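Here the protein sequences come in this chain order: A and B.
Heads up, the first sequence is in the numbering used here, so the first residue is 1 and it goes up one at a time.
Heads up, the second sequence is in the numbering used here, so the first residue is 1 and it goes up one at a time.
Simulated from the structure, these hints should not be mistaken for lab results.
As the structure is a prediction and not an experimental result, all values here were calculated from the model.
Be aware that a few hints might be false.
What the hints assert, rightly or not - Here are the simulated distance ranges between beta carbons:
| no. | chain 1 | residue 1 | chain 2 | residue 2 | range |
| --- | --- | --- | --- | --- | --- |
| 1 | A | Lys-63 | B | Asp-131 | 31 to 41 angstroms |
| 2 | B | Arg-378 | A | Gly-87 | 26 to 36 angstroms |
| 3 | B | Pro-370 | A | Lys-81 | 52 to 62 angstroms |
| 4 | B | His-263 | A | Met-135 | 46 to 56 angstroms |
| 5 | A | Ala-4 | B | Gln-408 | 56 to 66 angstroms |
| 6 | B | Gly-56 | A | Lys-81 | 44 to 54 angstroms |
| 7 | B | Ala-478 | A | Gln-134 | 44 to 54 angstroms |
| 8 | B | Gln-408 | A | Pro-52 | 33 to 43 angstroms |
| 9 | B | Leu-60 | A | Gln-142 | 36 to 46 angstroms |
What the hints assert, rightly or not - In silico SDA-like pairs for lysine to any residue, Cα to Cα no more than 25 angstroms straight-line:
| no. | chain 1 | residue 1 | chain 2 | residue 2 |
| --- | --- | --- | --- | --- |
| 10 | B | Lys-473 | A | Gln-121 |
| 11 | A | Lys-101 | B | Met-341 |
| 12 | A | Lys-55 | B | Ser-96 |
| 13 | A | Lys-103 | B | Arg-445 |
| 14 | B | Lys-406 | A | Trp-170 |
| 15 | A | Lys-91 | B | Lys-402 |
| 16 | B | Lys-406 | A | Arg-173 |
| 17 | B | Lys-327 | B | Val-14 |
| 18 | B | Lys-203 | B | Trp-113 |
| 19 | B | Lys-449 | A | Ser-94 |
| 20 | B | Lys-15 | B | Ala-29 |
| 21 | B | Lys-365 | B | Pro-430 |
| 22 | B | Lys-20 | B | Glu-183 |
| 23 | B | Lys-151 | B | Phe-119 |
| 24 | B | Lys-439 | A | Lys-55 |
| 25 | A | Lys-81 | B | Arg-445 |
| 26 | B | Lys-406 | B | Glu-467 |
| 27 | A | Lys-171 | B | Met-341 |
| 28 | B | Lys-364 | A | Val-176 |
| 29 | A | Lys-171 | B | Lys-327 |
| 30 | B | Lys-439 | A | Glu-76 |
| 31 | A | Lys-171 | B | Ser-440 |
| 32 | A | Lys-171 | B | Phe-413 |
| 33 | B | Lys-439 | A | Pro-102 |
| 34 | B | Lys-364 | B | Met-341 |
| 35 | B | Lys-402 | A | Trp-172 |
| 36 | B | Lys-151 | A | Glu-168 |
| 37 | A | Lys-55 | A | Pro-92 |
| 38 | B | Lys-402 | A | Leu-86 |
| 39 | B | Lys-439 | B | Val-14 |
| 40 | B | Lys-402 | A | Glu-76 |
Just so it is clear, CB atoms sit at the ideal spot from N, CA and C, and this is done for glycine as well.
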Amino acid sequence: MLEALLVMALGAVVLGAALGYAAVRFRVEGDPLVEKIDAILPQTQCGQCGFPGCKPYATAIAKGEAEINQCPPGGEEGIHKLADLLGREFKPLSAEHGVEKPKSVAVIDEQACIGCTLCIQACPVDAIVGAAKQMHTIVASQCTGCELCLPPCPVDCISMEPIAESVETWKWRYPVVRIVPAQKEAA
Amino acid sequence: MSVLQRLFGFHGGVKPDYHKDASTSLPIAVAPTPTFLVIPLHQSIGGPPRPLVKAGERVLKGQRIGGADGNASSAVHASASGTVVAVEMRLMPHTSGLSAMCVVIETDGRDEWVANQPFDYRSATPTQIRDYLRDAGVVGLGGAVFPTYLKLNAGKQGKLDTLVLNGAECEPFITCDDVLMRERAAAILKGAAIMREMLAAGKVLIGIEDNKPEAIAAMEAAARAANAAAADAAIEVVAVPTRYPAGGAKKLIRVLTGIEVPHGERSTDYGVQCFNVGTAYAIHEAIELGRPLISRIVTVAGNVKQARNYEVLFGTPMQDLIALCDKLPDSDRVIMGGPMMGLLMPGEDVPVVKATNCVLVGSKKLFPPPPPEMPCIRCGECAKACPADLQPFEMYWFSRAKIFGKAQEYNLFDCIECGCCAYVCPSRIPLVDYYRFAKSEIWAREVEKEAADVARERYEFRLLREEREKQEKAAKLAAKTAAGREKAAAAVAEAAKPAATPEEEAKKALIAAALERARAEKSLVHPENTADLTPEQQAEVSAIEARRAEIREMAKPQLRQDD
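Please take these sequences and the hints and turn them into a complete structure.
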C-alpha cells in the first residue's frame, strides 16, 4: 500500500517538474491568436468597434470580451474569416457599430482649410501633411478612410470620397449563370 | 531547317478552325492617319507613364508624350505630328468599359518626325541599351505587352543558350506575325541579332507553326542570308506542329528545347528567353532606325468583307480600321485579340494600342451565343486539354465557391487563360471567366492586405512616436524644475555671501537711498476720496467696513468646513 502511494507520489512529482519545465522552456511570447485576428482586421484604426484601434479590438476578441461582428470596414467577409478562425458562429454586422460602406478616402477642400492642425492630430496613420496656419492635404495612398478627421475639423472642409474603379483595379465579375426559359415545342 | 532538329510535344491543346486565309491574301497596307489620335498613356504592364505634354502643345511624330515612371514602366510616343487637343479620360480598349488618361492629338497631315538618331548599341552598356528601349516604348507585341527592356536580362549566368523567337501565332483569325515574317523577315532577324548580342545567346530558334509555309520560307531565306553574312549557323527556323496554344511562351520553349520552366521560375535561369517576332522588329526599328514604337501590324478579320493586315498608328480608332474592311451589316461586337483569348470591347470607338494584335468583328452567326451552362459532370476533358498541366475542374469548383486559397493551391496563377478547357467542356461552362474572376479577386485582396500592413505599421509608429514625445516632454519639464531649484539655491547663496568690495557697498547704498526716496514720495500722496470727509460720509465708510469684517467672519468657518 505504502509502496504504491510512494510510486504514485514520485510519478506526480516527476511529471509535475517536467510540465513546469516545459511551461518555462516553451513559453509563447505574446498571444499568437491576437496576431492572427489582427491580420484579418482591415487596419482602418477607425475605432467604430468601440476600441481605440484594431489591435485592442483583436485583443478583446481573443479574450472573449468582444463580439466578432463589430467591425464595419471589415464587412461580412471579415466576420466570416473571424468566425472561421475562432470556430464561432457567423453573425451579421452589428448595426450599433455602423454599416459597411464602399472604401473611401478623405479629401480636404484646400480653399476652406484654415490650417488648425486638428485633423493631423486625429489621423491614426499620419496620412495628413501640413503645419499650423498652413494648408493641409491628405496623402490619399495612405488614407484608410477611417473618418476620424471629420469631427475635429472646425470648418467642415473634409469630405469622404469613394474610391472610383479604374482600369487597373477593375475586377472580373462573377460569371452570371443565365437561366433561359425552355423553348415551347411546337404542338 | 535542320532535319535533325528534335521537337518535343506539350500536353493538351486543341485544334480549332484557323480562319487565317482570309487576311493573308493581301499584303500589309498602311492605315490612313486619322484626324484625331487618342493615345492612352498606360499601354503596357507596369506603372502608368506620366504625361509629358499639355493641351495646346505641338508634337512631332515619335515625340515622347508619356515618360516611364517607376520600376517597370515604359514610355509612350506621339504616333503622328499635330497639336495636343487634350490630356483627359477617354474610353479604353478594355472589357471594363472604364476610362483612363489619354493624350488626344489633332493630326496635321504633315507627318513630321522628330530627329531620328540610330542608337549605337555596340558602344553602350547594357543598362544604357535597356534605358533606351524603355524610352523608345518597346514592349512585347505578342499580346502581353510586358516591357521588353526588363526581359533583355541574361539571368544568373550572364548568358543564354537559346533565344527563342515566337512566330507560332496559334490563335485563330490572327495573322499579323505571319505577314510581318513574310514581308519583313530581314528586319526581324536584325532585331534578333541585337537581342542575341545583349543576351549573349548561343543560338536563335525561330518557331513557326507549320500552317504558315510562306512565312517559314521567307524566314528561312533571311536566316540563310544572315548566317552567311555572320559565317555561322546560329539562326535556325523551326516549323512546329500546328496546335493551339503552341504560341504560348512556355509551350513554345518546351516544344523547341524540351525545357519545362517550373512554376514561379524564370526561363532565363534555364538558359532560354522568348520574344515575339513583332518585338524583334520593333527593336530593330528603335535601335537601327531610331524610331520609337508608334505603330504595329493589326489583323482586321471576322465578320468583314475583306479581312486584311494593316500597319496602324497607336491611337487610331478601331472603327476606322473596320470601315476600311467593310463591316458586314449583322456585326454586333468587336473583340481585341482572337476568339479564344480576346477581350470584348466596350465599343468601336476605342483606340488601337500596343496590345492590339487583332480587331475581330463578330456576329451572332460567326460566334453563336454559348448554350446555357450545365453542371460539371467531372468528365475530366478539361484536364486532358489543359496545356499548362493543371486541373481545370478543381480550379473551377474552388473559384465558383469563392474559396480562393484552395484555387491558388491548384496553381490558378499558372493558368494562361488560353480557353482550351472551356472549348472542350461538354457542359459548356465558361471556365476561363471563373478563373479571371478568381484571379482578379485574389489580386484585389493582396493589394488590400498590403495597404492594411502599411496602415498597421504607420499606426504602430504613431503610437510609438506619441509615447516618445510624452517622455521627452516629461524629461524637459523635470530639467526645467531642476534648473529653477538650482537658481533659487544660487540666489540664497548669493545673499549669504558678505559684500566684498567697496564699489558694491556704494552701489547698494545708492539703491537703498533710491528706495527710501520712493517711499517718502509715496507717503506724501493721499487718496483724495478718503480726505476731508464729512461726518456722515465717515460714518457710512465705517459701516461698510464693519459689514465687510462681518462677512469675512461669516465666511471663515465655512471655508474651514470646506477644507
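Structure versus earlier hints - violations, ascending order = Failing hints, ascending: 1, 3, 7, 11, 12, 17, 18, 20, 24, 26 and 29.
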